[in-house]
Amino acid sequence: MMEAFSEAFMQRALIAGLLVAAATSFFSPFVVQRRMAFLGSGLAHAAFGGVALGVFLGMSPLMVALPFTVVSALGIVAVQHRSLLDIDTAIGILFALAMALGIIFLALSPFYSRDAFTYLFGSLLALRASDVWLAAGVAGVTALLTPWWSAWAYASFDRELARADRVPVERHDYLLAAALAFIIVASIKVIGIILVSAFLVLPGAAARPLARRFSTFTILSVLIGVATTALGLYLSYRQNLPSGPVIILCQCAVLAGALLVGRYQR
Amino acid sequence: MSAPAVELRDVAVRFGGLEALFGVTLDIPAGAFAVIFGPNGGGKTTLLRVIAGLLTPTQGEARVLGSRPGELPPQRVGYVPQVKRMDPLVPAQAVEVVTTGITARWPWRGGKRPEAMEAMRAAGASHLATRRVGTLSGGELQRVYLARAMARRPELLLLDEPAAGIDMAGEAAMYHALIDYQRASGCSIIMISHDWEGARAHASHALLINRSVRAFGPAAETASERALLALFGHTGHVQATH
Numbered sequence: 014m015m016e017a018f019s020e021a022f023m024q025r026a027l028i029a030g031l032l033v034a035a036a037t038s039f040f041s042p043f044v045v046q047r048r049m050a051f052l053g054s055g056l057a058h059a060a061f062g063g064v065a066l067g068v069f070l071g072m073s074p075l076m077v078a079l080p081f082t083v084v085s086a087l088g089i090v091a092v093q094h095r096s097l098l099d100i101d102t103a104i105g106i107l108f109a110l111a112m113a114l115g116i117i118f119l120a121l122s123p124f125y126s127r128d129a130f131t132y133l134f135g136s137l138l139a140l141r142a143s144d145v146w147l148a149a150g151v152a153g154v155t156a157l158l159t160p161w162w163s164a165w166a167y168a169s170f171d172r173e174l175a176r177a178d179r180v181p182v183e184r185h186d187y188l189l190a191a192a193l194a195f196i197i198v199a200s201i202k203v204i205g206i207i208l209v210s211a212f213l214v215l216p217g218a219a220a221r222p223l224a225r226r227f228s229t230f231t232i233l234s235v236l237i238g239v240a241t242t243a244l245g246l247y248l249s250y251r252q253n254l255p256s257g258p259v260i261i262l263c264q265c266a267v268l269a270g271a272l273l274v275g276r277y278q279r
Numbered sequence: 004m005s006a007p008a009v010e011l012r013d014v015a016v017r018f019g020g021l022e023a024l025f026g027v028t029l030d031i032p033a034g035a036f037a038v039i040f041g042p043n044g045g046g047k048t049t050l051l052r053v054i055a056g057l058l059t060p061t062q063g064e065a066r067v068l069g070s071r072p073g074e075l076p077p078q079r080v081g082y083v084p085q086v087k088r089m090d091p092l093v094p095a096q097a098v099e100v101v102t103t104g105i106t107a108r109w110p111w112r113g114g115k116r117p118e119a120m121e122a123m124r125a126a127g128a129s130h131l132a133t134r135r136v137g138t139l140s141g142g143e144l145q146r147v148y149l150a151r152a153m154a155r156r157p158e159l160l161l162l163d164e165p166a167a168g169i170d171m172a173g174e175a176a177m178y179h180a181l182i183d184y185q186r187a188s189g190c191s192i193i194m195i196s197h198d199w200e201g202a203r204a205h206a207s208h209a210l211l212i213n214r215s216v217r218a219f220g221p222a223a224e225t226a227s228e229r230a231l232l233a234l235f236g237h238t239g240h241v242q243a244t245h
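So the protein lines, in turn, are chains G and C.
Counting in our numbering, the final residue of the first sequence is number 279, and the numbers go up one at a time with none missing.
Counting in our numbering, the final residue of the second sequence is number 245, and the numbers go up one at a time with none missing.
Possibly wrong hints are sitting among the right ones.
Label pairs and their calculated CB-CB ranges [as the list claims (entries may be wrong)]: (1) C:R112 / G:Y277: 22 to 30 Å; (2) C:M89 / G:C265: 21 to 29 Å; (3) G:R179 / C:P91: 41 to 49 Å; (4) C:P91 / G:C265: 17 to 25 Å; (5) G:V274 / C:P221: 53 to 61 Å; (6) C:A223 / G:V84: 16 to 24 Å; (7) C:T59 / G:R276: 42 to 50 Å.
In case anyone wonders, no lab produced these hints; they're calculated from the structure.
Virtual Cβ for every residue (Gly too), placed ideally from N, Cα, C.
Kindly generate the complete structure, drawing on both the sequences and the hints.
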């Protein structure tokens with residue numbers, strides 16, 4: 014196994030993959046417990062609209078995608094709080110709108126747009142040193158947000174009880190959505206728009222049947238995310254397959270096992 | 004004479020065009036065990052949520068334990084919401100939920116804190132400590148929530164239909180736990196219920212509301228069958244004849 018990681022590109026892939034996996038897996042329990050999986054997917058597609066706008070404007074795609082996605086996330090939470098639209102409907106509309114805008118921006122772009130499509134699938138094995146630093150930034154921001162774990166866990170369990178204990182639940186909804194938007198945008202270079210939402214769902218979904226407490230739910234989710242990323246990367250190297258999809262398959266395998274074990278644990 | 008536990012002055016709550024409560028003015032004395040009765044949609048839960056600081060009145064003023072409800076430290080009030088069944092996979096143990104009653108935040112570290120276990124014993128829920136809350140029945144979950152509310156030793160306990168889904172033995176145990184706690188602590192209790200017989204037996208006061216206050220006074224007189232039937236717009240049970 015060590016041989017697989019002896020080359021520089023594999024080392025960069027491993028470091029960036031583990032950092033992004035740890036960050037996304039930390040948020041996964043909240044996404045799963047709050048049934049926000051579709052939000053992750055919607056924001057990832059909003060990020061595509063932002064990437065395409067960046068290409069169209071000749072600017073750094075990620076620098077444009079970041080505010081674009083954060084504003085989309087805050088807008089969805091505002092729509093949800095004001096009961097203007099059903100949340101699934103709002104995300105579905107955002108999903109379609111962002112993709113439509115993205116495709117139109119790319120069609121109108123005078124610049125070479127192939128790069129925009131590389132964001133769809135990511136390229137873990139083609140990362141540069143700057144991408145590893147970006148992944149470190151994702152993990153660093155996640156570490157800075159850990160003091161809010163308790164408030165997010167409380168509101169994920171029961172919003173009414175959390176509010177009765179003066180947890181500003183609505184404010185935390187915005188903070189969590191903005192954090193998810195940041196994590197998604199900063200991770201898509203590594204794992205791609207199509208797969209980033211899986212990183213936000215699968216580790217938490219696999220940890221949930223095994224955990225009896227919210228803290229172990231979070232720890233298990235991070236462990237599963239990190240372990241499946243290392244394993245997936247190694248298997249993809251051995252079998253000469255794309256790394257992102259192999260990691261997702263590893264996570265799905267762990268989820269299937271966890272569901273089986275969870276059935277006998279209840 | 005001590006200040007009332009709850010003071011409401013011309014309180015109104017509107018949700019869009021719907022007037023859930025209007026003109027609610029009353030004082031609930033400190034140390035009272037008051038039971039709120041009213042028809043579905045009559046504003047009982049809305050009133051309780053105003054007192055808990057979860058809803059700000061659209062009009063009027065509410066004071067709880069001498070403060071505005073939203074400014075009151077959470078440890079002074081124990082709130083038991085209506086129980087809803089949970090997904091069996093919710094990763095939370097009963098003792099964790101009770102611990103939030105002490106810390107007012109979600110605990111990172113597990114373990115059976117002595118104060119949490121004592122409250123669970125008082126509510127008859129100590130055997131449920133390490134169970135996942137999603138696997139508890141409605142009655143068991145209600146006991147856990149009651150233990151959570153009592154664990155912080157509040158000066159005011161607010162309970163939203165705590166007897167819903169509990170069998171007769173469970174209901175009697177709940178009343179005993181509440182009364183024992185009230186005797187030991189001198190706290191005030193405000194509870195929504197449909198059980199007028201239980202209220203007459205155990206409560207000191209009854210509040211009848213249907214979007215506004217219809218009656219408030221000693222439970223034995225106010226929660227009479229006649230008054231309640233009138234409140235619910237019901238003329239009494241019809242004897243079936245065949």
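For this session: Starting from the hint 42 to 50 Å, judge whether the C-beta atoms of C:T59 and G:R276 obey it.
Result: Between C:T59 and G:R276, where Cβ atoms are some 45 Å apart, the hint holds.
For this session: For the range 21 to 29 Å, tell me whether the beta carbons of C:M89 and G:C265 fit it or not.
Result: Cβ of C:M89 to Cβ of G:C265: about 26 Å, so the range 21 to 29 Å holds.
Exercise. Is it true that C:R112 and G:Y277 lie within 22 to 30 Å of each other by Cβ?
Worked result: holds, 27 Å
For this session: Return holds or violated for the Cβ distance of C:A223 and G:V84 against the range 16 to 24 Å.
Result: For G:V84 against C:A223, whose Cβ atoms are near 60 Å apart, the range 16 to 24 Å is violated.
Problem set entry | Pairwise beta carbon distance, C:P91 to G:C265, judged against the given window 17 to 25 Å | holds, 22 Å
Problem set entry | C:P91 and G:R179 - C-beta distance against the hinted 41 to 49 Å | Violated, at about 30 Å.
Problem set entry | Pairwise beta carbon distance, G:V274 to C:P221, judged against the given window 53 to 61 Å | holds, 57 Å
In the structure shown, a violation is registered for the earlier hints numbered 3, 6, in ascending order.
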